[in-house]
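Chemist: Let chain U serve as the given structure and place chains C and E on it in line with the hints.
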Amino acid sequence: MRLTVKEIADVVEGVVIGKEDTLITGVSGIKEAKEGEITFIANNKYRPLLKSTKASAVIVPRDINNTVDASLIQVENPSLAFAKIMTLVGPEPITFNPGIDKTAVIGKNVIIGKNISIQPYAVIEEGVEIGDGAVIGSCVYIGHYTKIGSDCLIYPHVIIRERVKIGDRVIIHPGTVIGGDGFGFATVKGVHHKIPQIGTVEIGDDVEIGSNVTIDRARFDTTYIGSGVKIDNLVQIAHNVYIGENTIVVAQVGISGSTTIGKNVIIAGQAGIIGHITVGDNSIIGGKAGVTKNVPPNVHVTGFPAREKWEDMRLQAYSRRYPELIEKVKRLEEKIKKLEKKVREMYGEEPEDN
Amino acid sequence: MRLTVKEIADVVEGVVIGKEDTLITGVSGIKEAKEGEITFIANNKYRPLLKSTKASAVIVPRDINNTVDASLIQVENPSLAFAKIMTLVGPEPITFNPGIDKTAVIGKNVIIGKNISIQPYAVIEEGVEIGDGAVIGSCVYIGHYTKIGSDCLIYPHVIIRERVKIGDRVIIHPGTVIGGDGFGFATVKGVHHKIPQIGTVEIGDDVEIGSNVTIDRARFDTTYIGSGVKIDNLVQIAHNVYIGENTIVVAQVGISGSTTIGKNVIIAGQAGIIGHITVGDNSIIGGKAGVTKNVPPNVHVTGFPAREKWEDMRLQAYSRRYPELIEKVKRLEEKIKKLEKKVREMYGEEPEDN
Amino acid sequence: MRLTVKEIADVVEGVVIGKEDTLITGVSGIKEAKEGEITFIANNKYRPLLKSTKASAVIVPRDINNTVDASLIQVENPSLAFAKIMTLVGPEPITFNPGIDKTAVIGKNVIIGKNISIQPYAVIEEGVEIGDGAVIGSCVYIGHYTKIGSDCLIYPHVIIRERVKIGDRVIIHPGTVIGGDGFGFATVKGVHHKIPQIGTVEIGDDVEIGSNVTIDRARFDTTYIGSGVKIDNLVQIAHNVYIGENTIVVAQVGISGSTTIGKNVIIAGQAGIIGHITVGDNSIIGGKAGVTKNVPPNVHVTGFPAREKWEDMRLQAYSRRYPELIEKVKRLEEKIKKLEKKVREMYGEEPEDN
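Here the protein sequences come in this chain order: U, C and E. Under our numbering, think of the first position of the first sequence as 489, with each following residue one higher. Under our numbering, think of the first position of the second sequence as 489, with each following residue one higher. Under our numbering, think of the first position of the third sequence as 489, with each following residue one higher.
Heads up, some of the hints might be wrong.
No copy is singled out in the list; a pair is fine if it fits within one copy or between any two copies.
Said to hold, decoys possible - Only pairs whose alpha carbons sit at most 30 Å apart, straight line, appear in this in silico DSS-like list of lysine-lysine:
| # | residue 1 | residue 2 |
| --- | --- | --- |
| 1 | Lys797 | Lys751 |
| 2 | Lys682 | Lys522 |
| 3 | Lys519 | Lys542 |
| 4 | Lys519 | Lys653 |
| 5 | Lys653 | Lys522 |
| 6 | Lys539 | Lys781 |
| 7 | Lys826 | Lys522 |
| 8 | Lys682 | Lys533 |
| 9 | Lys494 | Lys682 |
| 10 | Lys542 | Lys507 |
| 11 | Lys635 | Lys682 |
| 12 | Lys602 | Lys539 |
| 13 | Lys533 | Lys677 |
| 14 | Lys522 | Lys751 |
Keep in mind that the hints were calculated from the coordinates and are not lab data. Everything numeric in this text was worked out from a predicted model, so none of it was measured.
Pulled out of the complex, with its shape left as it was, chain U reads as follows:
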């Protein structure tokens, strides 16, 4: 990479504050950046580092205007702008051989689009359809009659079972299992009888799913992941869950069976949501929260059992005052004893028990 600050500003449609002709040769984090590198500020937490960074240029939100040594490039969305730069300057992207590797096992009646790459030891069962531009990594398993849209990137060792539908431009990271049986048993006299899981999984467009995720197939009907949903690593999504568009599910979250999650929801890491409830659109579920009942739209819940954040914070704050309260009650007790004594004296009474 050898671009001037001005050239970079043009790429990201930004306004330069400071020197325009400084030569930029690399990208880095704001703490690690060296002279000649460009960095950015998105998280407010890092704003104070603007003064100490050694970077030669910093992509910043439009409201940052400090006079520092580094050249600033003001943009609407620094993360997005920096993402563009990274694509420019990042290492050469990995490419895969076009076509179907000779070791891939392709079943009967499989329909495969144009410009695809199917890597070694992939196993594609009977009746599968794969759209144009797909990359199917090595050792990927795609079950019978599953349909995968166009321009999908399925990393090595993804397992997709039968009759699943996946939209366009979906990215699935290694080790993820889609369409495993839901966890359902009918217990008769202590013995658990398997309930057949005859439903499927349907995944919209532009979904990204992390590594070692599990998304179970429905008992009947469909486990549904809406378009634009982003799912991090090691997430569990049970049978018959419905997730609305553009919802974000962070690592190690678990969503129990038949629960409905709205659109644009954020579910932070390690949260758990019980089954058969509804989480409204635009809500936020805090990290490690345990959600035990419906969450209305547009609220932020935290804690376990999850409550609205302000309430959870208040209870937290109160619980920290607990030792102080106990002390206070002890002092009140003593004062009352003294008062009782004096009042008894006035009345000329004997001390009561208790």
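Modeler: Then chains C and E, alone, in the frame of chain U:
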């Protein structure tokens, strides 16, 4: 599917309330069902939907007797009855080619039963035994001297390491790892030396294990999963754990080393259990509970640290009354001040500090 | 195994208390041990079992000197000593065919050291380097330009993506994914745009990583795992995390993006740590703790939100006294009422409201 309500009732040994000759052509959930479909009610939460469902027939517990438009089929266990129907009407089950795929790698002295299917790229190491009727999915790895019983269904990409024993009719979902080394180190001057994990894993009959589960081999002796145990996705079972018969372990649970779980226990999602303790038969561990000491038989514990549910609920309820208590104590303080003032006045005293 | 107590003591450099010529034929846990077997005590919890064990010999810390029937072998570190014995007496270690299996797919310009074993269906992409003595299990995927040091043991089905660096003597268990994309999006008008993850992962020497772990590649720069770090199963390590030397990360822990963990830290099972914070050297994070802010060196934090353990314990203890406090305040209220009544009587006043 084209069966009358009467014909379905005969299959599930149920009693029809309403029309017997209605033709049923599909199954569905109670909310999603359309005319001509059959659904069921198992969870009491869904009972009110009986009035609004568009289903033409509903399988219900024997105590439901409403007069609704749909035909009712009363049975002992609606989930189990519906499971039977689903098997009847579900899509054609997926079948796998019989025999050993030519790409499967089979080690020396492997013993394989009759009527099996070993799929492409499976790797079966030396000395393995596999019983009759087993299906071994593609890319499955089975380590040296491991024994697998009859009629097991091992999904693609399951990894079972050496010297593990697995019973009959066991189902293991994709990505699960059985017999990985237990996590054990001896720390000498800050350096962690690996303790060899020379034990194994033994799994009983009729066990089902979800996707991306990890069950570690014992340090010595055996990590043991009793017959009839059902384990959901992404569960961690550490070395030397013992799980009694018919226990249910829901998704993302973690059980630490050398802990013993009784029979018929239910461990709900995301619960964690520390090492070297015992959980008694028939107990229930609530979702997200953190169990830090022995749990007796037949109790229900919740929360973190886990307590008996009634106690946890009481503490929860009390904690919600906290703000009110603080207000009350404040009012008591004021009253005491007033009382002190009056009593001092009677005595003709000067105000004290505090 | 047929060794006398004396011979074993010589191997572990221990002192025999009791009979030296007893013949030992096996190893076992202290509860399960039978006559002729050797066991050990490391965890203080098991000390009382010394009296009841049927083992013929017990490896113990130097401060144990009971007169029991079993011969004792006193050593500095019983776990470590027992580990040595286990290696002596454990089952024959599994060995893998030397060389590169003919089904392994090896890309261009791959450099492979001496005395290696590459198992069936491994896929090694272009430009990979693998050091001497490595074992690469079946179906392992190693991405472009990744470097693996010498004497590594990479179990079947491990997936390591491109440009990752792994040190010497690293052990990685099955199903683990290293170098998956970090979870990063820039949201513009509700749509989440992927931020390229152009960094990598670097892993030091003598690291052990459990099964089905996920370690994401950095946005830029490096996700770093220091030498001697030990990671248990199903752990999530997000992009740009830094973990110092000899830190221990127990099962199902999640560490969010850009967080720095010091050296010799212990993070117990199911703990979660938010992003962009620092955990100091030698600290301990309790099981299921939720760490929401920086942790200084040398402290032990527990609970959610995580606090220093003594404080968390105190708040726990206080919260158990809550019902009692409520009762006490109720009694104080009544006493105050009585006092008020009496004082009013003295003054000859009418009762006030409230």
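Chemist: Now, for every hint given, state plainly whether the structure supports it.
Modeler: Against the structure, the hints come out as follows:
no.	hint	verdict
1	Lys797 / Lys751	within (20 Å within a copy, 34 Å between copies)
2	Lys682 / Lys522	between (60 Å within a copy, 25 Å between copies)
3	Lys519 / Lys542	within (8 Å within a copy, 60 Å between copies)
4	Lys519 / Lys653	between (43 Å within a copy, 22 Å between copies)
5	Lys653 / Lys522	between (47 Å within a copy, 22 Å between copies)
6	Lys539 / Lys781	between (46 Å within a copy, 23 Å between copies)
7	Lys826 / Lys522	neither (71 Å within a copy, 68 Å between copies)
8	Lys682 / Lys533	between (50 Å within a copy, 22 Å between copies)
9	Lys494 / Lys682	between (64 Å within a copy, 25 Å between copies)
10	Lys542 / Lys507	within (15 Å within a copy, 69 Å between copies)
11	Lys635 / Lys682	both (27 Å within a copy, 24 Å between copies)
12	Lys602 / Lys539	neither (51 Å within a copy, 51 Å between copies)
13	Lys533 / Lys677	between (57 Å within a copy, 23 Å between copies)
14	Lys522 / Lys751	between (41 Å within a copy, 26 Å between copies)
The structure fails hints 7, 12 (numbered hints given earlier, in ascending order).
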